[in-house]
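Protein chains in written order, with this note's numbering: chain Y, 1 to 113; chain S, 1001 to 1913.
Be aware that a few hints might be false.
Now the stretches of chain S that chain Y is said to cover, found in silico as 3 or more residues with beta-carbon under 8 Å [said to hold, decoys possible]: (1) 1043 to 1049; (2) 1059 to 1067; (3) 1223 to 1234; (4) 1258 to 1268; (5) 1621 to 1635; (6) 1746 to 1753; (7) 1893 to 1904.
With the Cβ distance kept under 10 Å, some of the chain S side facing chain Y (calculated, not the full set) [unchecked claim]: (8) L1571; (9) I1604; (10) S1681; (11) L1682; (12) G1683.
Computed far set for chain S versus chain Y, every beta-carbon distance over 10 Å [said to hold, decoys possible]: (13) L1008; (14) R1199; (15) G1487; (16) R1523; (17) R1525; (18) L1532; (19) V1553; (20) A1572; (21) L1584; (22) V1638; (23) V1657; (24) A1689; (25) L1762; (26) T1863.
No wet-lab data here; the hints were simulated from the structure.
The structure presented is a predicted model; accordingly, all values stated were derived computationally and were not measured.
Beta carbons are placed, not taken as given, at the ideal position from N, Cα and C, and that holds for glycine.
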Amino acid sequence: MTLELMLASQIAILVACALYCLMRGRLFDVIVGITLLSYGVNLFLFAMGRPAPDKAPIVPAHGGALSPADYVDPLPQALVLTAIVIGFAMTGLMVALALRRKQADGDDAGAEQ
Amino acid sequence: MTLLTICLLPWCAALLLARLRSATAAFALAGACALVVLGLLGQMAQAVWAGQTLQSSVAWLPALGVSATLRIDALAWLFATLVSGIGALVILYARYYMDGDERLPRFFALLCAFMGAMLGVVLAGDLVLLAMFWELTSLASFLLIAFNAPDRGAVRGARAALAVTGMGGLALMAAVVMLGRAAGSFDLATVLAAGDVVRADPRYPWILTCFLLAVFSKSAQFPFQFWLARAMAAPTPVSAYLHSATLVKAGIFLLLRFYPVLGGTDAWFFAVSTAGAITLLLGGVAAVFQHDLKGLLAYSTVSHLGLITLLIGFSTPTAIVAAVFHVINHATFKASLFMAAGIVDHECGTRDLRNVNGMWRYMPLTGSLAIVAAAAMAGVPLLNGFLSKEMFFGEALALEGHDPIALLAPLAALLAGAAGVAYSARFVHDVFFNGAPINLPRTPHEPPLWMAAPVAVLVLLCLLVGLIPTPIIGAPLAAAAHAALGGSLPSYSLALWHGFNGPLAMSALALVSGVGIYAVLMRKRALHQRPLPDPWGYRQFERLLLTLARSGVVLVRQLRGDRMRLQMAVLALAAVLAAGWPLLGGGFEAHLPELTAAIPQGGIIVWVVGAVFAIAATSARNQPVTVLLFLGAVGLAVALAFAGLSAPDLSLTQLFVEVATVLLLLLALQRLPVEAPPVRSLGKRLRYAAIAVAGGGGTGWLAWEAMLRKPPAISDYQLANAVSGAGGTNAVNVIIVDFRGFDTLGEITVLAAAALIVWAFLARERAGVLGRFQGSFMLPTAVKIVMPFAALVAVHLYLRGHNLPGGGFVAGLLLAIGLVLEALALGSWRSPHARPVRWLAAGLGLALLTGAASLALGYPFLTSAFGHPVLPVLGEIPLASAALFDLGVLAVVVGATVMLILAFAFGREEGKK
């Protein structure tokens, strides 16, 4: 089993589980599905940066010329880093929307207004 | 300059008119506008007739090769003169037709706007400009037909007209774009000269199809003829102006204009002449059986438009001359007939042919004018209609080469000629004779003299052209035909008498048989008893509209929010198909698995943990809290994968976000009760599982393929320049705060916005108290101990971020989690440090200021500077302006995270307001 196969299969499992949850159509499952999907998508993006162990993109402080092949690609990492944080905010937003909708439904049902 | 004046004057007049109150002033202004335009055109007449083309151009959208070019040649001049000349007469007529109507200024405003649009169409020297004015004519027509809204007929007629001509406008836009591409320019003169290139272009069939759709819809050719009959709901001056003399001729104008570019092919011949022939016959027959006076004229207009289209379809030079000639003749006699019909309607209060009879006794003047005009329409000798109809018969007889059509054309021409005579006869006989009027609402009498004057002018023109054609119309007709042909002019003769020949025999036969047909049909007023013929087209159009509306309702029902399951399935399937199509079709080559990187220690375990917990999280039987814990486990596995694969920054971020997410979801869960999972059949579950597996498998496959390819990365530059360009060794952090700092600024703004939305949604009562941890000993004590360490570690992570794993995002998350715990322990939103709004404001402000500072120093936004100052005691420390930006990021992350989580903890309870 190669590293690429491991990553690809993990991505496949995460996305498949996410889609299955999303299609259940219950609000809670949508939240679970989106969370799983964001794991899968983040891994996918990360996988585009020629991942490999022990090649962290920390370059020597005063080194001259360096060979890019000694490091993993830092750009997808930078993208994924911000994506993780924004994904968190989006989860919060989604849950808040779900709550608001429930409140609105409750208002309608109670016919208080 | 003159061209610009001609084009803009009606618009200026329309704007002024819309403000006016007085009918007299409005009439004076509108009339002056039309006369000035007519005068300006008259000034150009000599030059244009001599074959000159005048042009004026202003740059409009130079990047797209579009300019506001106005161009006038003899063909454009002829149409512009028709538009402004008949416009002037219609304005005079409308002044009396709508006497006393307070809406008169608005009416004149719309009429002038239409005149401007129509002049724009004929004078446009640029294809895009042409399409724009074309749309404006549709809009003006819509507004004028709907003038009597909310009258039902007016609204429906206007809607039909707008739908049909609007569709045509879209088709014209498509044709224009393709034509411009094919010819290499949107400039009309260039396009007109590029006929050979365009006809050889592979897009030619598409261009022709779209172009003809536009032209046929505007000129009411089959199968679009129905809208014109419906448009008769407009006030009669509008019918006289737009729906007989000018607007419907816009399509004809375009056919003539682009004949040198698109014409001359077999496709043109068959498409144009077939549509023309069907329309000619359909309109002619339908006109005979109408009971509405305007309906009769409308269908006769349809028929005559078909005749002109058929002539253009014939594609011979003499046929084009005949088409141009008939455009002029039809405009004069049909406008006068509509005005006469309006007079009858105005004086009788009805225009039903079954009631309006014997008008000769009441209005002999109008009667004699109308009879002459109707005779011109029928093609009676000594009138203009006779001349062009003779030419049409001649063309039909001379047609050769296309066998069945060469036989059918003269027959169709004869039939249409007879029908034309029959409905003209009905117009004259039924209205002015045929017994006495029946049940009229009022007693008719002659109209005011000025109302009949425009009719008289037009009828006089019919007579003059019919009697002495060459001096009256010879020069402009020759020049216009020359311009339409784009080449040499054929030899033709406008003479009244050509000897005994085929066309003359056909004319005579048509006259005799037409009168005969009418006499037979009208015996004992039998025609009045006949039901109206089914107006083919309109019912189909209504049904189409209904079907569209219904399918819209069905679609909305299918896509509505409460069908989430289906939506998700459709989305997933669409994504699978969109990605799978090229993947499967693109000649996929199997790659042998190659060991490119060693698997880090424990990699298999992490993989198994991630897979097992992800699958476990999908089971609906678990408690929500359990599912959240499973999710946390998956997140940890992902964090470990990041750590093992050289992404320490990601690993740290993922770890802290995981904590924050679980915290948030747990807090949210207590307010969002999870209903029981929906029960679904095994088959359904399998179906959804299949979609899920397809989507997941496809994504994995895509990732696999991409990873095996390893293209050169753009970030090689960023790796190489991290130290020299930004003074940091952690390339990820350098990218975030420096190389792609602008992105990050956007991202933290999104973060702040999302947090503020959640806050606004949930946290109305910000002083709320969370009861759960009150009186607890463990949490407050733990927080007191942990908090200072958390803060310290956060500061450490931030400071080292530029060179080692860490940075504003990671540090901010850690600090936020500490602050959230503190607030939860205190049981109050008002903990001393958790002031999320201040954190957000300070962070965004700092990030922006850092960027602005570089602006102030004359560098582009967010340019960073760095140095390595040596401070006493501390020694050399790296210092980059990007660090300040990162501090802003930190503050925003703290504010947003705290705000998000605490909004759920202390937000307003449902039920309370």
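Structure-based check of each hint:
Under a criterion of three residues with beta carbons nearer than 8 Å to beta carbons of chain Y, the stated coverage of the region 1043 to 1049 of chain S fails, only 0 such residues being counted. Counting residues of the region 1059 to 1067 of chain S whose CB lies closer than 8 Å to any CB of chain Y gives 0, so the stated coverage by that chain is violated, three being the minimum. Only residues whose beta carbon comes within less than 8 Å of a beta carbon in chain Y count, and the region 1223 to 1234 of chain S has 0; fewer than three means the coverage is violated. Judged by the Cβ-Cβ criterion of 8 Å, the region 1258 to 1268 of chain S is not covered by chain Y as claimed, because only 0 of its residues qualify and three are needed.
For the region 1621 to 1635 of chain S, the proposed coverage by chain Y is satisfied: 5 residues have a C-beta within less than 8 Å of a C-beta in that chain, meeting the threshold of three. Given as covered by chain Y, the region 1746 to 1753 of chain S passes the check, having 3 residues with a CB less than 8 Å from a CB of that chain where 3 are the minimum. As drawn, the region 1893 to 1904 of chain S meets chain Y at 7 residues by the rule of a beta-carbon pair under 8 Å; at three or more, the given contact holds. Annotation: interface hint on L1571/S holds; nearest CB of chain Y at approximately 8 Å, less than 10 Å.
Here the hint on I1604/S is kept, as its CB sits about 8 Å from the closest CB of chain Y, short of 10 Å. Because the beta carbon of S1681/S sits about 13 Å from the nearest beta carbon in chain Y, more than 10 Å, this interface hint is broken. Annotation: interface hint on L1682/S violated; nearest CB of chain Y at approximately 14 Å, more than 10 Å. A distance limit of 10 Å between C-beta atoms decides the matter here; for G1683/S the minimum to chain Y is near 14 Å, and the interface restraint is violated.
No beta-carbon of chain Y comes within 10 Å of the beta-carbon of L1008/S; the shortest separation is about 51 Å. R1199/S, annotated as away from the interface, keeps every beta carbon of chain Y farther than 10 Å; the closest lies near 49 Å. A cut-off of 10 Å between C-beta atoms confirms that G1487/S is not in contact with chain Y; the least separation is 61 Å. The beta carbon of R1523/S sits about 70 Å from the closest Cβ of chain Y, which is more than 10 Å, so the claim that it is off the interface holds.
Distance check on R1525/S: its Cβ is at least 65 Å (rounded) from any Cβ of chain Y, clearing the 10 Å threshold; non-interface status holds. Once the 10 Å rule is applied to beta carbons, L1532/S is consistent with being away from chain Y; the minimum gap is 51 Å. Every Cβ of chain Y is farther than 10 Å from the Cβ of V1553/S; the closest lies at roughly 22 Å, confirming the non-interface assignment. At roughly 5 Å, the least C-beta separation between A1572/S and chain Y is not larger than 10 Å, which violates its mark as non-interface.
The beta carbon of L1584/S sits about 17 Å from the closest Cβ of chain Y, which is more than 10 Å, so the claim that it is off the interface holds. For V1638/S, the shortest C-beta to C-beta distance to chain Y comes to about 5 Å, within the 10 Å cut-off, and the non-interface label is violated. Distance check on V1657/S: its Cβ comes as close as 5 Å (rounded) to a Cβ of chain Y, failing to clear the 10 Å threshold; non-interface status is violated. Its closest Cβ contact with chain Y, about 6 Å, brings A1689/S to no more than 10 Å, contrary to its assignment away from the interface.
Against the 10 Å criterion, L1762/S falls within the reach of chain Y, whose nearest CB is about 6 Å from its own CB. Non-interface status of T1863/S relative to chain Y is upheld: no Cβ of that chain comes within 10 Å, the nearest being about 18 Å off.
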